[in-house]
Amino acid sequence: MTVIKLEGAETLDLGEVLNLVRLNSPFYAKLWESSGISSEVDLQLKDLPIVNHEAFWEANTCLNSQVITSKQKDGIIFKTGGTTNHPKVSFYTQTELHSLSTQLAESLVRCGVREGDVVANLFYAGDLYGSFLLHILSVYHLPGGAIQVPVAGHVGLESMERHIIEFEATVVLSTVTTMSQLSERILGAGKTHPYVRLLLFSGEAFYDDQAGLLKAAFPNAAIRSVVYGSMDCGIIGLPPKPEHYTNDPRLHQLNSPNILVEIIDEDGRVTTTPGEAGSLVVTNLERRLMPVIRYPSGDRAAWVDPALGLFRVLDRDRTAIRLGPVSIDFVDLRRIVSAVLRDRPVGKIQAVVTREARKDLLTLNIAYRPATDGERRALQQGLAEELGVVRPMFREHVEKDLVNGLKSNFVTMRELAVNPRSGKIVEVLDLRSTTVPSPISPLSLDVCLVGSGHGFALFNGTRRAIVLPVDSFARLVDAKDSVISTCLCREAYLGRTRAWTGTDSLASRTTCLTRLAPTLEPYV
Numbered sequence: 001m002t003v004i005k006l007e008g009a010e011t012l013d014l015g016e017v018l019n020l021v022r023l024n025s026p027f028y029a030k031l032w033e034s035s036g037i038s039s040e041v042d043l044q045l046k047d048l049p050i051v052n053h054e055a056f057w058e059a060n061t062c063l064n065s066q067v068i069t070s071k072q073k074d075g076i077i078f079k080t081g082g083t084t085n086h087p088k089v090s091f092y093t094q095t096e097l098h099s100l101s102t103q104l105a106e107s108l109v110r111c112g113v114r115e116g117d118v119v120a121n122l123f124y125a126g127d128l129y130g131s132f133l134l135h136i137l138s139v140y141h142l143p144g145g146a147i148q149v150p151v152a153g154h155v156g157l158e159s160m161e162r163h164i165i166e167f168e169a170t171v172v173l174s175t176v177t178t179m180s181q182l183s184e185r186i187l188g189a190g191k192t193h194p195y196v197r198l199l200l201f202s203g204e205a206f207y208d209d210q211a212g213l214l215k216a217a218f219p220n221a222a223i224r225s226v227v228y229g230s231m232d233c234g235i236i237g238l239p240p241k242p243e244h245y246t247n248d249p250r251l252h253q254l255n256s257p258n259i260l261v262e263i264i265d266e267d268g269r270v271t272t273t274p275g276e277a278g279s280l281v282v283t284n285l286e287r288r289l290m291p292v293i294r295y296p297s298g299d300r301a302a303w304v305d306p307a308l309g310l311f312r313v314l315d316r317d318r319t320a321i322r323l324g325p326v327s328i329d330f331v332d333l334r335r336i337v338s339a340v341l342r343d344r345p346v347g348k349i350q351a352v353v354t355r356e357a358r359k360d361l362l363t364l365n366i367a368y369r370p371a372t373d374g375e376r377r378a379l380q381q382g383l384a385e386e387l388g389v390v391r392p393m394f395r396e397h398v399e400k401d402l403v404n405g406l407k408s409n410f411v412t413m414r415e416l417a418v419n420p421r422s423g424k425i426v427e428v429l430d431l432r433s434t435t436v437p438s439p440i441s442p443l444s445l446d447v448c449l450v451g452s453g454h455g456f457a458l459f460n461g462t463r464r465a466i467v468l469p470v471d472s473f474a475r476l477v478d479a480k481d482s483v484i485s486t487c488l489c490r491e492a493y494l495g496r497t498r499a500w501t502g503t504d505s506l507a508s509r510t511t512c513l514t515r516l517a518p519t520l521e522p523y524v
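For what it's worth, my numbering labels the leading residue of the sequence shown as 1, then goes sequentially.
Treat the hints loosely; a few may be bogus.
[As the list claims (entries may be wrong)] Simulated restraints, written as ranges between beta carbons of each label pair:
hint, residue 1, residue 2, range
1, L128, H98, 10 to 20 Å
2, H141, Y195, 21 to 31 Å
3, K30, Y195, 54 to 64 Å
4, P274, L12, 20 to 30 Å
5, A307, R377, 50 to 60 Å
6, N220, L157, 13 to 23 Å
7, P87, A378, 22 to 32 Å
8, A339, A152, 30 to 40 Å
[What the hints assert, rightly or not] Only pairs whose alpha carbons sit at most 20 Å apart, straight line, appear in this in silico DMTMM-like list of lysine to aspartate or glutamate:
hint, residue 1, residue 2
9, K215, E204
10, K46, D13
11, K46, E58
12, K407, E375
13, K241, D332
14, K348, E375
15, K46, E266
Think of the hints as simulated: they come from the structure by calculation, not from any bench. Each residue gets a CB set at the ideal place from its N, CA and C atoms; glycine is no exception.
Using the sequences and the accompanying hints, generate a full structural model.
As structure tokens, this is what we get:
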């Protein structure tokens, strides 16, 4: 196994970290022992099992956590998702919090924040969420200093805009969702804010249907990802150094020497091949209180330049879902379906994430056939209500029109997408298209072929395929923002392709796509 570290970077002692964890974390000690790793041998990262999310969070409770290595004596506790019944929290020591803050300050410097900038912080505050506080600390630790305008994300859009205008903010820190809502308000009033020069986001992906909106409201602003990471993993990637910067908001540079990253393909092989996609697995060498050892980040990524630590975040992995700034685990969706459908015979469930009206949309496809329309409507309402109860942040964002409400379909097992290699049903399909095409593929078109029992889709240069049954042959609809394939009760988001125009017939489109299909690799 090869773990990527930057050339010339200081090396933290991995062996020391692993020994500390083995001796002091009951969760990791049990996990490694059950994997046949002797307590007498020196630990090697490549020999350790990848952490199972569900087991990890069952062990890491608010009180009496089996993951942490000692009783917490100082520092801070952050929320990192979960539900009201199964909260997820991360424990940081004072030293770890300070380091986190200074690393974020480095991110701001790389994005171009400088002395004299007026920084409007629109991140969420309170309820144990970390983004607002951490970016207060990050600006505080800037070497050159900057002026803080601590607005927060729970106030109304009118207040946000008023503070930006009053102080002529030059930098805005926020989620993309909040920026989009704010931009709609600004443009709706026939205004722009040309003095803002940096829009810095984190916590969610940036999609092409948002770029034009933000640029119209903030015409002189560069839009950049300020950091890639999470409360559980820590800071995984920093913005690239200026000499490596491109306009790709998914491109990040490894936070070395604090973080080790592995990209692991479907066969469980660690890859360092540029452009080869896989699950991004993290080992944090700084987190001594709540260790993070071979922990799946929940995202898929690909190396761009391993020697420089450059990697591209592609999409969400199959165990985790991100809707705007809201995180939902697939295991929680299973619990919700079980709670609402009770003893009904459910085959499988599948979560499909798409974009609709410039907002994220979660669709649950459930392999169960209600007996009546009344039962179907009651179950759909119950599922939406239960998700709002166990994940209040989702409900709040739906009410604020920041994400779409839950959509649920009742289908047959045959209508669920499967992995063409294994034949297994894919639990999570993230079919959103991010804004900048990947250079790793010789094809730059977004294409789809639907028919003959198969659907092929190429998203942003990454080869992917969606398998559809023969009876779900779809009609291709040329829409304003996307091409939508409506397949009976399920929908697949298909990016617009330059292979045809809106005046081309369905037959000519299908012919064109059939010609391109052999170049695609079946993959979900």
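Cross-check of the supplied hints:
no., hint, result
1, L128 / H98: 10 to 20 Å, "19 Å, holds"
2, H141 / Y195: 21 to 31 Å, "25 Å, holds"
3, K30 / Y195: 54 to 64 Å, "56 Å, holds"
4, P274 / L12: 20 to 30 Å, "26 Å, holds"
5, A307 / R377: 50 to 60 Å, "56 Å, holds"
6, N220 / L157: 13 to 23 Å, "21 Å, holds"
7, P87 / A378: 22 to 32 Å, "29 Å, holds"
8, A339 / A152: 30 to 40 Å, "33 Å, holds"
9, K215 / E204, "18 Å, holds"
10, K46 / D13, "15 Å, holds"
11, K46 / E58, "24 Å, violated"
12, K407 / E375, "15 Å, holds"
13, K241 / D332, "38 Å, violated"
14, K348 / E375, "19 Å, holds"
15, K46 / E266, "17 Å, holds"
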